[in-house]
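Student: As a plain string of letters, each chain reads:
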Amino acid sequence: MIKVNGLSHSYNKDGKYAVKDVSFEVKEGEVFGFLGPSGAGKSTTQNILTGLLKLQEGEVTVAGYDVKHIKNEMFNRIGMSFEQSNVYSKMTAKENLDFYRKLFDVETKEPQFLLDLVGLGDKGNIKAGEFSKGMKHRLTFARSMINNPTLWFLDEPTTGLDPSIAADIKDIIKAENKKGVTVFLTTHNMYIADELCDRVAFIVDGDIKLIDSPKNLKMQYGDKLVEVEYIKDGETINESLSTIEENDKKKLQDIIGQSDIQTMHTKEATLEEIFIKGTGRGLI
Amino acid sequence: MKLWYSFTKELKLSSKGFYFYIEILMAVIIITVLLVFIPENIKNISDEYLMLDMPAAVEEQFISPLLSQDLDGEIEIVALELDKEMMDVRLIESEDQRIYLIDNRDNLIALSKKDRPSASAYISGDDISKLTYEYYIQGYESERLQNLYMIIHIEDIMTIANLASNQKVVALDADYDHLNSRESALPALLTFNGSMMGLFIIAAYIFLDRQQGIIKAYAITASRVWQYLMSQVLVLMTVTTLTTFAILLAVMGFKANYLMVILLLLPSAFFFSSLGLWVASFFTNLTQAFGAIYFLMMAFMLPAIAYFIPSWEPLWIKFLPTYYLIQGFKESIIDNGDMGFVLLASGIYLGVGIITFLLANSRFEKTLTA
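Line by line, the protein sequences are chains P and Y.
Residue 266 in the numbering used here sits at position 266 of the first sequence, and the numbers go up by one each step.
Residue 1054 in the numbering used here sits at position 54 of the second sequence, and the numbers go up by one each step.
Derived by calculation from the structure, the hints in this document are not laboratory data.
Just so it is clear, CB atoms sit at the ideal spot from N, CA and C, and this is done for glycine as well.
Honestly, I wouldn't trust all of these hints.
Covered stretches of chain P (in silico footprint by chain Y; criterion: 3 or more residues with CB under 8 Å from a CB of chain Y, positions within the stretch not fixed) [stated by the list, open to error]:
| # | region |
| --- | --- |
| 1 | 42 to 53 |
| 2 | 73 to 82 |
| 3 | 87 to 93 |
| 4 | 154 to 167 |
Derived CB-CB ranges, DEER-like [stated by the list, open to error]:
| # | chain 1 | residue 1 | chain 2 | residue 2 | range |
| --- | --- | --- | --- | --- | --- |
| 5 | Y | Ala1292 | P | Asp162 | 52 to 58 Å |
| 6 | P | Gly15 | Y | Ser1015 | 31 to 37 Å |
| 7 | P | Lys27 | Y | Arg1363 | 54 to 60 Å |
| 8 | Y | Ala1292 | P | Asn5 | 51 to 57 Å |
| 9 | P | Gly64 | Y | Lys1016 | 36 to 42 Å |
| 10 | Y | Trp1312 | P | Glu57 | 29 to 35 Å |
| 11 | Y | Gly1291 | P | Asp162 | 32 to 38 Å |
| 12 | Y | Lys1016 | P | Asn216 | 26 to 32 Å |
| 13 | Y | Trp1312 | P | Glu73 | 56 to 62 Å |
| 14 | Y | Arg1363 | P | Asp21 | 42 to 48 Å |
| 15 | P | Gly119 | Y | Ser1015 | 26 to 32 Å |
| 16 | P | Asp21 | Y | Ile1317 | 51 to 57 Å |
| 17 | Y | Leu1359 | P | Glu273 | 49 to 55 Å |
Kindly produce the complete structure, drawing on both the sequences and the hints.
Tutor: Rendered as structure tokens:
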């Protein structure tokens, strides 16, 4: 669905690259996570893929269209939910969606259906300017679905949402993906990436450091640990022990046999830990 | 159709916005000023201070033709103030002139310095045909007027008057009407209201949309950037047409040639809005763009000075686009105006407007979403 080969971009064309020689591929029906800290090149890459930035170097194909010579039809196939809500504040939620659906040449979703979907069903006649930040974000998210996109760009789709609404949004993404929609998810939230993505790419300083499925990355980079809290000689002790290394395995058996265990659970490495391990950089 | 949807949406949004009301307010201010503060015909009465140093008989000869134009045919005695003292002087007052006859040369000079009359002269001699004129000027008079003072008395004044009255003047277009004082102010004000406000306001609209990130959302649709830009231009053209017609109807009723007005108004509004877009494309916000827009607006107002003061019309002013708009509006609202000029100006505005719009579009395609 997306093919990127040797993509580089310099804002001032001064040899300082926001992204440099980036190559990756996103398969149809896949949820692809593009992860990295602020300024890593996520937005630059996404803006080039969506035609918001002119392609300078490299080859990029999106939904079968060459991004170097973007055709308007491409936008009938893609949708984008922005991190910063950008809706017409002086128009109602319904008017916003009504207007945008007229700008596409394909069958569009009913505004009321979309508003119901994101939990704004009873807010359709309220001006977007009167919405809270989270409501505006949901409206922006709903708008990105209006043209039934087959390729869906999502930029921090759950940022600023309370947990229950964020869970609903994640469910919508999963449901759309089940219908065959390809998702390009840009985020620095490793938990949502872990939950939703089939594959993730870690980008730092404009360079992709790792691409793989979260599971494979965990297998490759994560340590298998058991965290145990026990009381020995009246003292509470916390320890992380490997389930692979012989010494730790033996120590764990000893603790189980001889001590009063308070808590014990296996601990899988998080994507965030793998990111730090794999790229040598934090996410902020 | 997408252009239509964008246009109607922008029109609806602008009607809820601050800048729309600025345009309406401008139109209301113009109508109020024209109808309340500017009379239909402004009388231009000039003051002249003269001292006549001549025998009584010659003085009577000199005064006689002036007195024949006096409102009541009699010399009045009035008081003028000089150094906090009042002095009696004689006054001959016609419809467009007040001539004060002062008896003392020092007082003439002092009063001329203080009151700055349009003319001030010491006239002496024993023979009406051989008088000597000594003019006191303020220093800011044009070279033309100074030259005129120097040559006007070379010939006998009566000879010049006779020559002037024998001169045959033929009007090339006898049907050419005249605008009254109020109507004369319209061309410059319409230019300011419509086109120049459009230049500023379209930039404001663009920056507002850019700030809210709306343009990015628009760019991810199957609509084109030019449709977005054109919808903004169309909004400005619509509002300009409405406010211009409101002003014209209030001031002139149905006297103006509205067909010609709209033929000039639409292409010129298109050009100035496109120019506003093009200028805006070089900046990221209104604060940054303000200097450039302000400079353009000030420069574009200069032809209005040339319009109100016809003696000041340097060649370079004809290169400013508002020069032809002011003249075009004048021809459009005057009875039997030069329609050829209006059509030519409209065509040029349309042509240059299309080029400017294409340039703006090209710039925005690269920078709109940055």
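Student: Within 42 to 48 Å: is that where the Cβ-Cβ distance between arginine 1363 of chain Y and aspartate 21 of chain P falls?
Tutor: Check failed, 29 Å falls outside 42 to 48 Å.
Student: For glycine 119 of chain P and serine 1015 of chain Y, compare the CB-CB distance with the range 26 to 32 Å and indicate the outcome.
Tutor: 31 Å, holds
Student: Does the Cβ pair alanine 1292 of chain Y, asparagine 5 of chain P satisfy 51 to 57 Å?
Tutor: Taking Cβ atoms as reference, alanine 1292 of chain Y and asparagine 5 of chain P lie about 41 Å apart, which means the hint is violated.
Student: Lysine 1016 of chain Y and asparagine 216 of chain P, beta-carbon distance inside 26 to 32 Å?
Tutor: 53 Å, violated
Student: Within 36 to 42 Å: is that where the Cβ-Cβ distance between glycine 64 of chain P and lysine 1016 of chain Y falls?
Tutor: 40 Å, holds
Student: Can the suggested window of 32 to 38 Å be confirmed for the beta-carbon pair glycine 1291 of chain Y and aspartate 162 of chain P?
Tutor: With a Cβ separation near 45 Å, glycine 1291 of chain Y and aspartate 162 of chain P fall outside 32 to 38 Å, so the hint is violated.
Student: Please test the hint of 56 to 62 Å on the beta carbon pair from tryptophan 1312 of chain Y and glutamate 73 of chain P.
Tutor: 57 Å, holds
Student: Given the hint of 52 to 58 Å, is the C-beta distance from alanine 1292 of chain Y to aspartate 162 of chain P inside that range or not?
Tutor: 45 Å, violated
Student: Between aspartate 21 of chain P and isoleucine 1317 of chain Y, does the C-beta distance stay in 51 to 57 Å?
Tutor: Since aspartate 21 of chain P and isoleucine 1317 of chain Y have Cβ atoms about 56 Å apart, the given range 51 to 57 Å holds.
Student: In this structure, is the beta-carbon distance linking tryptophan 1312 of chain Y and glutamate 57 of chain P contained in 29 to 35 Å?
Tutor: 56 Å, violated
Student: A range of 54 to 60 Å was offered for this pair. Does it hold for the Cβ distance of lysine 27 of chain P and arginine 1363 of chain Y?
Tutor: 37 Å Cβ-Cβ, so the 54 to 60 Å window is violated.
Student: Between the region 154 to 167 of chain P and chain Y, are there enough contacts, at least three residues with CB-CB distance under 8 Å, for the coverage claim to hold?
Tutor: violated (count 0)
In the structure shown, a violation is registered for the earlier hints numbered 4, 5, 6, 7, 8, 10, 11, 12, 14, in ascending order.
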